[in-house]
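**Student:** These are the residues of each chain, in order.
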Amino acid sequence: MKVAVIVFPGSNCDRDMYHVLTDVFNLDAQYYWHEKELPKNIDAVILPGGFSYGDRLRAGVIAANSPIIKDVQKIAEKGIPVLGVCNGFQILVESGLLPGVLLKNESLNFMCEWTNLIVENNETPFTNQFKLNAKIPIPIANGEGRYYADDNTLKKLKKKNQIVFRYSEIVNGSSNRIAGVCNEDGNVVGMMPHPERAVESEINPVDNKPSSLIFESLLTKMGVGN
Amino acid sequence: MTSFNVHVTIENKPGISDPEGETILNDLVLKGTHKTISKIKTAKMLKFTIKEKDKKTAKSKIQEICDDLRIYNPMVSKVTVDVFDS
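The listed protein sequences correspond, in order, to chains L and R. Going by the working numbering, the first sequence opens with residue 1, and the numbers climb by one from there. Going by the working numbering, the second sequence opens with residue 1, and the numbers climb by one from there.
In short, the hints are calculated from the structure, not lab data. Just so it is clear, CB atoms sit at the ideal spot from N, CA and C, and this is done for glycine as well. Incorrect hints may appear among the rest.
Claimed, not checked - Computed from the model, here is a short list of chain R residues facing chain L with C-beta under 10 Å:
1. Glu11
2. Asn12
3. Ile16
4. Lys44
5. Thr57
6. Leu69
7. Arg70
8. Ile71
9. Met75
What the hints assert, rightly or not - Pairs of lysine-lysine residues, derived as DSSO-like cross-links and limited to a Cα-Cα distance of at most 27 Å, are as follows:
10. Lys44(R) to Lys78(R)
11. Lys2(L) to Lys36(L)
12. Lys59(R) to Lys159(L)
13. Lys78(R) to Lys56(R)
14. Lys13(R) to Lys156(L)
15. Lys40(L) to Lys74(L)
16. Lys78(R) to Lys155(L)
17. Lys40(L) to Lys135(L)
18. Lys135(L) to Lys155(L)
19. Lys53(R) to Lys31(R)
20. Lys31(R) to Lys59(R)
21. Lys78(L) to Lys135(L)
22. Lys55(R) to Lys155(L)
23. Lys155(L) to Lys131(L)
24. Lys160(L) to Lys135(L)
25. Lys61(R) to Lys70(L)
26. Lys209(L) to Lys155(L)
27. Lys156(L) to Lys78(R)
28. Lys13(R) to Lys53(R)
29. Lys40(L) to Lys2(L)
30. Lys56(R) to Lys158(L)
Stated by the list, open to error - Where chain R lies over chain L, by a calculated footprint (3+ residues, C-beta under 8 Å):
31. 53 to 67
32. 212 to 218
Please work from the sequences and hints to get the whole structure.
**Tutor:** Structure representation (structure tokens):
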């Protein structure tokens, strides 16, 4: 199974993600520069974290106009799993692949700390191995991570089961404590916390197994899981 | 063709919190002697220079750029476009 890790100018979690995909989960991952085309035989796409274009104008908005985003849109329409982490989530939102927007944290601070997520939707390609309401200890590292959507969008998200993760407590002022959402079809998922920084016991002071299930869910979706 | 300066102001829509503006108001301005201030809103301004035949065309062209390239996020922000002679 081939996983594309997209690299934008200013991505800085691409290598962490690549390491986890290849060394921890034995996946066939490959980097794709944002100006390249994606091949047709890709099985999953990951937009990693970082600060594409230095967050200029607004986090993710300039990268959302990268040539490769058109290919990501086509892949998303085919139902192929797409995951955006942190800046990757911001890019998915700014490119219209996911609803809502990510604003500056209420504290106006860059927040780098461990949080707990609650799984609200266990039917996506990245959450199918979780029990509903499962808890995931996982770090955040962002300045613009406050998820916001207007009331109508929030109602729709709830109705269509598009809220994938919530923080267990108020972290940054996100609407309804939302930490991750998916598109209507459920194959495109965006999340602010960093699963690639939480799946190895050496760097997870709490429990690395829940975060690992995000990648194991993808393996299961592709038919190569346990 | 004439050169115009176009100021694009991006600010939060009413109802979207502006913690930076609130902090400037509450923790700086109101802590001094300026008690008549009731509100401060932060905004981002982009200054364009554009060559067009007239002010009206310059304004509509810049508005089009703002909409097409998502210079502002319409869910949370609004833009004001002001044209000046350069």
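**Student:** Determine which of the earlier numbered hints do not hold for this structure and return their numbers in increasing order.
**Tutor:** Numbers 1, 5, 12, 17, 19, 20, 21, 22, 26, 28, 30 and 32 - these are the hints that the structure violates, sorted from lowest upward.
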